[in-house]
Amino acid sequence: MLNAFAFLFLLSILKNTYQLTRELKSGKRPKKKRGNKVLIIALLFTVLSIGAAIFIFQNRLTSYFLPFHQAENTYLSNSKNFGIDISHYQGIIDWAELSTSEHCINYIFIRATMGADGQDVQFKSNWKYAKENNYLRGAYHYYRPNENSVVQFENFSKTVKLEHGDFPPVLDIEEMGKYGTENLMAGILNWLRLAEKHYGVIPIVYTGSNFYQLYLKDRIEDYPLWIAAYSGPHKIIDIDWKFHQFSHKMRVKGINAYVDGNSFNGEMEDLLKLCISGL
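In terms of this note's numbering, the sequence shown is residues 1 to 279.
Just so you know, nobody snuck in bad clues.
SDA-like mimics (lysine to any residue), calculated; alpha carbons at most 20 Å apart, straight line:
{"id": "1", "residue 1": "K249", "residue 2": "I236"}
{"id": "2", "residue 1": "K80", "residue 2": "L271"}
{"id": "3", "residue 1": "K161", "residue 2": "N133"}
{"id": "4", "residue 1": "K242", "residue 2": "G208"}
{"id": "5", "residue 1": "K161", "residue 2": "M114"}
{"id": "6", "residue 1": "K124", "residue 2": "K161"}
{"id": "7", "residue 1": "K80", "residue 2": "A229"}
{"id": "8", "residue 1": "K235", "residue 2": "L225"}
{"id": "9", "residue 1": "K161", "residue 2": "V150"}
{"id": "10", "residue 1": "K158", "residue 2": "G118"}
{"id": "11", "residue 1": "K80", "residue 2": "K249"}
What follows is a set of in silico ranges between Cβ atoms, one per label pair, in the way DEER data are often shown:
{"id": "12", "residue 1": "Y230", "residue 2": "M185", "range": "23 to 29 Å"}
{"id": "13", "residue 1": "E267", "residue 2": "A116", "range": "37 to 43 Å"}
{"id": "14", "residue 1": "Y75", "residue 2": "T181", "range": "38 to 44 Å"}
{"id": "15", "residue 1": "K235", "residue 2": "A116", "range": "31 to 37 Å"}
{"id": "16", "residue 1": "G200", "residue 2": "Q70", "range": "42 to 48 Å"}
{"id": "17", "residue 1": "H88", "residue 2": "E163", "range": "21 to 27 Å"}
{"id": "18", "residue 1": "K197", "residue 2": "H234", "range": "34 to 40 Å"}
{"id": "19", "residue 1": "K161", "residue 2": "A116", "range": "15 to 21 Å"}
Note that these hints are calculated values from the structure, not bench results. Every residue gets a Cβ at the ideal spot worked out from N, C-alpha and C, and that includes glycine.
The task is simple: from the sequences and hints, build the whole structure.
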């Protein structure tokens, strides 16, 4: 984000511009020539200040508001078995253009549901086109710790119909609830048990590295782990993981927003073995 100095600088410009606009709209004319000179100098200063601000911060503004106009950062996706994860935050994806990406995208995780009653508005479209474009695909549920785990799973199972070749269901855990750690773990483990029973496969757990160390370590070791730690292409060495979300600022053709980048800890053969073999 722009730093505090830049924010105050731009705020002062807007304030001066507003004051000048009010004075000009009022139609009042200065009683002395000195007033006209001051007004002209102030207006000139405002114009120059705006120009200087645009020049100084143009790179940052472009980076934050127009990331998709920049070249793909393929140097980050050189890791084995690269993939991305998407949701409605990435907007409507141009799948034809995505297929021309220079990133070697092997798989795509897609947000399906959130909590007891939330559905991602882009899920159906993303789910359909991921398969049509021959990507390995997976669906994930965003867990809300203060909501009933059974109802949350029912929301997911009604929305997601997994097929042969898809990844197992994924539970995204990022929040501590108001009822404490034990209640959180009970709900998480219940959701995972329901998913395994319903789909006949062991689910995947997604979480951040800090959250894992604080609350989940030694409690979810029976499940494949997808860990978020923005270390760039450098691998995590102190956690046993299957997927590593190493960046949240990948630039990919066909997607008009930053997207998460992931690597798989293994060979392509291992990745395919993780997929569902039959339903």
